[in-house]
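Single-letter residue listing:
Number of protein chains: 2
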Amino acid sequence: MIKINENYQKLSANYLFAEIANRVTDYQKNNPDQKIIKLGIGDVTEPLVPSVIEALHKGVDDMGNRESFYGYGPYEGYEFLRSSIADFDFKKRGININPEEVFISSGAKEDTANFSEVFSQDTKIAITDPVYPVYIDSNVMFGRTGSYQNNHYQNVLYLDCTADNQFKPDLPKEKVDLIYLCFPNNPTGQVATKKDLQMWVNYAHQNKALILFDAAYEAFIQDEELPHSIFEIDGADEVAVEFRSLSKTAGFTGTRLSYTIIPDKVHIYDQEGHSHQLNKIWLRRQSTKFNGVPYIIQKGAAAVFTDKGRSEINQQIQYYLDNAKIIQEGFRSLDIEFTGGDNSPYIWLKTPNSISSWDFFDLLINQCQVVGTPGAGFGRCGEGYFRLSAFGNKNNIREAMERIKKLKIC
Amino acid sequence: MIKINENYQKLSANYLFAEIANRVTDYQKNNPDQKIIKLGIGDVTEPLVPSVIEALHKGVDDMGNRESFYGYGPYEGYEFLRSSIADFDFKKRGININPEEVFISSGAKEDTANFSEVFSQDTKIAITDPVYPVYIDSNVMFGRTGSYQNNHYQNVLYLDCTADNQFKPDLPKEKVDLIYLCFPNNPTGQVATKKDLQMWVNYAHQNKALILFDAAYEAFIQDEELPHSIFEIDGADEVAVEFRSLSKTAGFTGTRLSYTIIPDKVHIYDQEGHSHQLNKIWLRRQSTKFNGVPYIIQKGAAAVFTDKGRSEINQQIQYYLDNAKIIQEGFRSLDIEFTGGDNSPYIWLKTPNSISSWDFFDLLINQCQVVGTPGAGFGRCGEGYFRLSAFGNKNNIREAMERIKKLKIC
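As given, the protein sequences belong to chains A and B, one line each in that order. According to the working numbering, the first sequence is numbered sequentially starting from 1. According to the working numbering, the second sequence is numbered sequentially starting from 411.
Because the hints were derived from the structure by calculation, they are not lab data. Errors might be hidden in some of the hints.
[What the hints assert, rightly or not] Straight-line C-alpha distance at most 25 Å; calculated PhoX-like pairs for lysine-lysine: (1) B:K583 - A:K3; (2) A:K10 - B:K534; (3) B:K420 - A:K208; (4) A:K308 - A:K91; (5) A:K195 - A:K175; (6) B:K420 - A:K124.
[Said to hold, decoys possible] Which chain B residues face chain A? A few, computed with CB under 8 Å, are given here: (7) I412; (8) E416; (9) K420; (10) T455; (11) N524; (12) T533; (13) K618; (14) D680; (15) N701.
[What the hints assert, rightly or not] Stretches of chain B that chain A covers, calculated by requiring three or more beta carbons in the stretch to come under 8 Å of a beta carbon on chain A: (16) 456-465; (17) 477-485; (18) 492-506.
Everything numeric in this text was worked out from a predicted model, so none of it was measured. Backbone N, C-alpha and C fix where the C-beta goes; we use that ideal spot for every residue, glycine too.
Kindly generate the complete structure, drawing on both the sequences and the hints.
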C-alpha cells in the first residue's frame, strides 16, 4: 500500500504564504469592489531593469539559432555567470570567492529548503524565532524534528529574537550542528554587524557546526559598516554557506535565479569522523536532482553584475527604501514601535494594543484592505508582531499608510 | 558536529551523465584536435521553434513594463499554461484532465526525483533494469534502499528488461507500493501498448500501489495504436501520476519546463489507513520548497500548445526520427541487434562481440570520437548494451555511423 511520508503530517498547517493567499482570495471574492494593497508576501512590483531586459532578449535570440543554441547546461550554472558573481559580489569587496564555489539555482527558497537533505538525520538544528518558515518546514518534512507542540517543533533549538535582545539571537547554550541565520533579517528587518557574525563563526569553529547564511536582502544594506556577506568574517569560509538571490535585489521573484556560495574549505563529517568537501556533496545532489537554470534566465542575470545593470538596480532598491521610510514615518506618527526599514525592505511592528497578530491581519484586510504578514506565522516570538513589506507602488504605500492611520485601534 | 546524510554515501559512484561528461572532457583535453560527436546524454540540438521564440520575447517584454510585470507566480504554474496543456495534450485525445490536476515544474528529472520525498520511508519500490538513474538515486538519497551490492541496491525490486521479454517488465511476484515506468523507454526505446499498461494499472488497483509514469518521450510516438498517456487506460486516474517534459518534445533541455499530472482521484494512505489526496500533498510540498517556473519560460511554453507551435515542433521530431533511421540502417548493415528508434529517439544496441558496455564506450570515443551511453550505467541488465541518441545534426549522425562502420570490431 502506498503511504504518505509521515513527517508531512507533522506540519503545523498550511505554508504561511499560501494561507495568506487563501485568506486574501476569500476576502476579494466577498468584496469584489475593494482595492486591496498587498504588503504581505514581500513581492517586488518594479519591472526588470533595461539592462536585464536587453540581455534576456539576447538570450532568447541565442536559443532561436542553431549556432548559438544551448541544450543542457552545467548543473552548477554557466561559467560566464559564476565568474561575474565571484568578481562583482565578492572579489570587488575583497572577498576571495572563486567561480567554482558558486552554484546557480532557481531560488534561495529552493536551495535553503533542499540543503536540509544533505545532512545526517540526527543533525541538531538551531533556528531563530521568528524565522522564515521554509528553514523549519523543510527540516520537518525531512524528519529531523519531533511533533508540533505549543507552536514549536520538538528537537529543534529555537533562538528567541525579541525586543529584549534587539531581535538578534544569542549563542545557544547547548551544542548544535546546523544554524540558520538571515541578515538583513526576514521578518524583523534587523541587521548583523561584523562583530555579531564573528561570534557565530567562532561558535561554529568551536563546535564543528555549519552556518547556513541567508543573505537574500544584502542589496538593501546602506550602512557602510555592515557586512554584506558572512565571508567578510575571518574563518567563515570554513564553516558557512551563503545563499543569495536576485528576487529582491533585481526584481527576479517571477524570473527565478539565486546563487549559493560553498567555499572549497567547508567540510562536513561522516559517521567515522572523516571529512568531506561540502561543495562536492552539493554538486552530487544537484547533478542527480536538478538540471540547471534556463540559459535565457542566466543570460539575463549576468546583466545584474555589470556597472550599468547595477546602477539601474540601485535606483530600484532606493525606490523601495523610500517606501520603507513612508511606512516608518507612518508608524512613528502613530507611536507604534517597529524595527527594520533602514537596511532592509521589511518593517516589523508591534501590534497596537497588543492584539494578536492574526487578529491584526484580519483587522487590516477588513478595515483598510491592506495585506501584511502576521508575526505569529514566523514563530512563537512573532506573536504580537506584524510584518509589512516596502515592496509596492509608492502611491499604494502612501495610501495604505493613510488608511492605517485612520484605524481606530492605532 | 555537522555530518553528512549517510544515505549519500551509499550512492554507487558519480551520477552517470556527470561521469560521461568527465570522460569526454578528459579525452578532449588529451586530443584537442579531434571532432567529437556526442550521442550520449540525449541532448537536443535544433533551436527553439519560431512560435516559442516569439512568445518568449513577448514574455520578456511583459517583464519590462510595470503594467504587465509578474512577481511571484502560483506554485503550480500559471492557469493560462495549465489550461492549454489540459486541453491540448489531454482533452483533445479524449482524456479528462483538468487544469487543477496539472503542475508546472522545471524538469521531469527534478519532479521524478523530488516525488520520492512524499512517500513513507518504508515504501517498497519497483524499478526496471535498465533504468533512468534518477529514479533509483533519488530513492537511495532518501534512505529507502539498502547498500549497493553486485550492481543492485538492497531492498529495491528490480524488474529485468531483457531481450527475452522484449525489454518490457513482467509484473512483480511480490507486493510493491511504488512502480516507476517509462514509455517510450529511456534507455531501451521500447514502447508500451494499451494492454501492457492496463496490466500495470490493474496491478496497482489490486495492491493499492502507485505508478509514476514518465512520458517524457511521448511526442516521438508515431504508431497511432500506442497510448501517449497512461490516462488513456481505464482506472489509471486513480493509481498513476504522469510526468511530461518539453525537453525532448520542444527542445527545452536548456530552457527547462515540465509538467506533472496528478488526477484528483489519486489517493495515498497514512499509517492508520486513512486516504489523502496526493494532489494536495504535492501542492504542500511545492509551496514549501519551490517558487514556480519563470513567467517568461511559461509564456514561451504556452506556444507549444498551439496548432502553429505544434506543427513547427512536429517537423523537429521528424528530423530526429529521420536521424534514428540513419542509425538503425547503420546497425542493420552491420548485423548488430537493437531496439528503439521507431517511436523513440533512442537506439539500444547489443555491443558487438559482447564486449562490456564501458569498454565499448572507450572504444567508440577513442577510435570513432563518438560518445554514447554505456548500458551498464542504467543497471545490471544494461551490461552488454549501449544507448545511442538520435538527437544531433543529421550530417554528424551520418558521419558517426560511417566512423562506426569502419570499426574493426563491428
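Taking the hints in turn, this is what the structure says about them:
1. B:K583 - A:K3: 20 Å, holds
2. A:K10 - B:K534: OK: K10 (chain A) and K534 (chain B) at ~22 Å, within 25 Å.
3. B:K420 - A:K208: The hint holds at about 24 Å.
4. A:K308 - A:K91: 18 Å, holds
5. A:K195 - A:K175: 21 Å, holds
6. B:K420 - A:K124: 22 Å, holds
7. I412: 4 Å, holds
8. E416: 6 Å, holds
9. K420: 12 Å, violated
10. T455: 7 Å, holds
11. N524: Cβ of N524 (chain B) sits 7 Å from chain A, so the hint holds.
12. T533: For T533 (chain B), the interface hint holds, since the closest Cβ of chain A sits about 7 Å away, which is under 8 Å.
13. K618: 4 Å, holds
14. D680: Because about 5 Å separates D680 (chain B) from the closest Cβ in chain A, which is inside the 8 Å limit, the hint holds.
15. N701: Holds, because the Cβ-Cβ distance from N701 (chain B) to chain A comes to roughly 5 Å (cut-off 8 Å).
16. 456-465: holds (count 5)
17. 477-485: holds (count 6)
18. 492-506: Not satisfied, violated; 0 residues make the cut.
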